[in-house]
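S.K.: To convert, count from 1 in the sequence shown and add 478; that's the working numbering.
Just so you know, the hints here were simulated from the structure itself, not pulled from any lab data.
Note that CB positions come from ideal geometry on N, CA and C, so glycine has one too.
Hints are all accurate, no fakes.
Here are the in silico distance ranges between beta carbons for each label pair:
#: 1; residue 1: Glu621; residue 2: Val553; range: 41 to 51 Å
#: 2; residue 1: His591; residue 2: Lys655; range: 19 to 29 Å
#: 3; residue 1: Thr537; residue 2: Pro610; range: 36 to 46 Å
#: 4; residue 1: Phe498; residue 2: Ser533; range: 17 to 27 Å
For lysine to aspartate or glutamate, the following DMTMM-like pairs were computed, each having C-alpha atoms within a straight-line distance of at most 25 Å:
#: 5; residue 1: Lys599; residue 2: Glu574
#: 6; residue 1: Lys686; residue 2: Glu594
#: 7; residue 1: Lys655; residue 2: Glu594
#: 8; residue 1: Lys599; residue 2: Asp682
#: 9; residue 1: Lys535; residue 2: Glu626
#: 10; residue 1: Lys595; residue 2: Glu656
#: 11; residue 1: Lys496; residue 2: Asp693
#: 12; residue 1: Lys507; residue 2: Asp495
#: 13; residue 1: Lys535; residue 2: Asp639
#: 14; residue 1: Lys703; residue 2: Glu574
#: 15; residue 1: Lys703; residue 2: Glu626
#: 16; residue 1: Lys655; residue 2: Glu621
#: 17; residue 1: Lys686; residue 2: Glu574
#: 18; residue 1: Lys595; residue 2: Asp562
#: 19; residue 1: Lys686; residue 2: Asp642
#: 20; residue 1: Lys686; residue 2: Asp676
#: 21; residue 1: Lys703; residue 2: Glu569
#: 22; residue 1: Lys599; residue 2: Glu626
#: 23; residue 1: Lys507; residue 2: Asp693
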Amino acid sequence: RFQGLQGFAWPALAQGDKPFFWNLVAENKLASNVFSVFLARNTTGSELCLGCVSSSKYTTDIQYFPLNASATGNVQKYWTITADSVAVGGESATTEFACALDTGSTAIDLPTHFAEKVYAKIPGAIVLQEFPSSAVVYGFPCEQQLPEIAIVLGGQSYPVDPRDLILGLADSTLTSKEGYCVGAIFGFNTRQGSINGDLALVGDAFLKNYYSVYDAGRNRVGLAKSNQ
Numbered sequence: 479r480f481q482g483l484q485g486f487a488w489p490a491l492a493q494g495d496k497p498f499f500w501n502l503v504a505e506n507k508l509a510s511n512v513f514s515v516f517l518a519r520n521t522t523g524s525e526l527c528l529g530c531v532s533s534s535k536y537t538t539d540i541q542y543f544p545l546n547a548s549a550t551g552n553v554q555k556y557w558t559i560t561a562d563s564v565a566v567g568g569e570s571a572t573t574e575f576a577c578a579l580d581t582g583s584t585a586i587d588l589p590t591h592f593a594e595k596v597y598a599k600i601p602g603a604i605v606l607q608e609f610p611s612s613a614v615v616y617g618f619p620c621e622q623q624l625p626e627i628a629i630v631l632g633g634q635s636y637p638v639d640p641r642d643l644i645l646g647l648a649d650s651t652l653t654s655k656e657g658y659c660v661g662a663i664f665g666f667n668t669r670q671g672s673i674n675g676d677l678a679l680v681g682d683a684f685l686k687n688y689y690s691v692y693d694a695g696r697n698r699v700g701l702a703k704s705n706q
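Please construct the entire structure, taking both the sequences and the accompanying hints into account.
M.R.: Right, here's the structure in full:
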């Protein structure tokens with residue numbers, strides 16, 4: 479048993495020693511140079527599969543997307559792929575952007591100018607807190623029925639379950655309004671390693687919905703509908 483955050487990003491992002499997964503790759507310890515992740519909504523049941531894919535954890539074919547390092551100066555740092563857009567209610571709210579999948583992050587961090595466009599389509603949405611040159615936290619009435627919010631990849635829509643778009647009830651430190659929930663989509667103005675503002679960090683709010691496969695051998699990421 480261990481507790482903490484184990485980095486699985488690319489070695490160029492690491493500070494100090496080579497990350498654990500990449501040592502396994504270098505020493506040919508894996509049956510295949512991949513790892514795959516199932517994130518459970520409950521506190522137990524999540525799974526990391528090193529060198530393998532657990533077919534019992536997903537219900538659709540795995541769709542693969544090539545890695546794209548253009549947002550980080552053509553140096554692969556994150557597991558970054560190209561997203562066509564974020565769609566709200568079936569309509570594109572953003573243009574194309576680099577999408578870094580990160581199991582170590584809770585929320586979906588979009589460039590702030592994209593997050594604003596997403597929340598503009600949610601009635602009653604407001605800014606709850608803004609950190610200069612950093613994150614913007616948004617909220618909306620908890621009773622508000624959310625439109626479908628999806629990340630579009632390779633022309634295919636990947637919706638996020640509404641349950642995963644709410645981080646919790648906004649308390650009095652965030653707003654004087656009652657009955658507001660904290661949204662799981664943040665605005666983010668800066669990101670380590672990014673050379674422009676259009677790198678999104680897509681974390682657990684999205685990845686709970688999809689089984690994810692990180693393929694270092696073929697420089698790609700795969701997604702399939704999670705079985706939960």
